[in-house]
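Chains as they are written, first to last, in the numbering used here: chain A, 1 to 114; chain B, 1001 to 1112.
If you are wondering where the hints come from, they were derived from the structure by calculation, not from laboratory data.
The structure presented is a predicted model; accordingly, all values stated were derived computationally and were not measured.
Beta carbons are placed, not taken as given, at the ideal position from N, Cα and C, and that holds for glycine.
It cannot be assumed that every hint is accurate.
Unchecked claim - What the simulated footprint calls covered on chain B by chain A, stretch by stretch (three residues with Cβ under 8 Å from a Cβ of chain A suffice, anywhere in the stretch; the number is not a length): (1) 1042–1048; (2) 1098–1109.
What the hints assert, rightly or not - Distance condition first, Cα-Cα at most 16 Å in a straight line; then the derived EDC-like pairs of lysine to aspartate or glutamate: (3) A:Lys-3 / A:Glu-17; (4) A:Lys-71 / A:Asp-38; (5) B:Lys-1104 / A:Asp-38; (6) A:Lys-55 / A:Asp-38; (7) B:Lys-1052 / B:Glu-1069; (8) B:Lys-1060 / B:Asp-1084; (9) A:Lys-3 / B:Glu-1042; (10) A:Lys-53 / A:Glu-69; (11) B:Lys-1104 / A:Asp-51.
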Amino acid sequence: DVKVTQSSRYLVKRTGEKVFLECVQDMDHENMFWYRQDPGLGLRLIYFSYDVKMKEKGDIPEGYSVSREKKERFSLILESASTNQTSMYLCASSLAGTSYDEQFFGPGTRLTVL
Amino acid sequence: GNSVTQMEGPVTLSEEAFLTINCTYTATGYPSLFWYVQYPGEGLQLLLKATKADDKGSNKGFEATYRKETTSFHLEKGSVQVSDSAVYFCALGLYGNNRLAFGKGNQVVVIP
């Protein structure tokens, strides 16, 4: 069974902390994505990666960075967490080459920044 | 740009009622269209898709037809169950572009 896993389901951090969210996929997919989901705003793309060590900014990259050192792993980093980054974070992956391929999502990490 | 618009607001209906969720799109090319579903406490999963005009996607009793003339991809189910309570997202993707554009989602609540 194909899978995207995220390191934590729930996370509570303090303002100013550095936060790492990890995502791992076992499908040998080239593309990986980080979204945040907020009520009334739907899904917004933060960053995506189409290959190891490659990344592109999404719609809301400010305050975030990413790392992709291995094909199966894509990390989202909040350099200095702020309360407005309290949200649900979803990771996804897909095959390269065409957007006809579905994106497979992880279960999400609900992050609270106090 | 490429975008998806879903009808505003949550949808509440009784078990066995007919469900329609509207989705319209704007795209510069010929997109593929998707419906994703998010059950409580879970990530999104693909419900159905259509890759060209007049295609009908179907799964679990849900259907959606790709209408190029009205730029729409409305989701329908003839008789909903309590287990269909979830958030439903419409999305589009363009060939050669790895990104999907998502609508804002609709919360569907089915009452017994």
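A quick look at each hint next to the structure:
Coverage of the region 1042–1048 of chain B by chain A holds [criterion: at least 3 residues with CB-CB distance below 8 Å; count 5]. Coverage of the region 1098–1109 of chain B by chain A holds in this model, with 7 residues showing a Cβ closer than 8 Å to a Cβ of that chain against a need of three. For the proposed pair A:Lys-3 and A:Glu-17, the alpha carbon gap of about 29 Å is over 16 Å, so the pair is violated. Our distance criterion of 16 Å between C-alpha atoms is broken by A:Lys-71 and A:Asp-38, whose separation comes to about 28 Å.
At most 16 Å may separate the alpha-carbon atoms for a hinted pair to count; B:Lys-1104 and A:Asp-38 meet this at roughly 9 Å. Under the criterion of a C-alpha separation no larger than 16 Å, the hint pairing A:Lys-55 with A:Asp-38 is inconsistent with the structure, at around 23 Å. Using a Cα cut-off of 16 Å, the hinted pair B:Lys-1052 and B:Glu-1069 holds, with the two alpha carbons roughly 12 Å apart. Note on B:Lys-1060 and B:Asp-1084: the hinted pairing holds, with a Cα-Cα distance of about 10 Å set against a maximum of 16 Å.
Between A:Lys-3 and B:Glu-1042, the direct Cα distance comes to roughly 13 Å. Compliance with the 16 Å bound is thereby established for this hinted pair. For the proposed pair A:Lys-53 and A:Glu-69, the alpha carbon gap of about 6 Å is at most 16 Å, so the pair holds. Of the pairs offered as hints, the one joining B:Lys-1104 and A:Asp-51 is violated, with about 28 Å between alpha carbons and a cut-off of 16 Å exceeded.
Of the numbered hints listed earlier, those contradicted by the structure are 3, 4, 6, 11.
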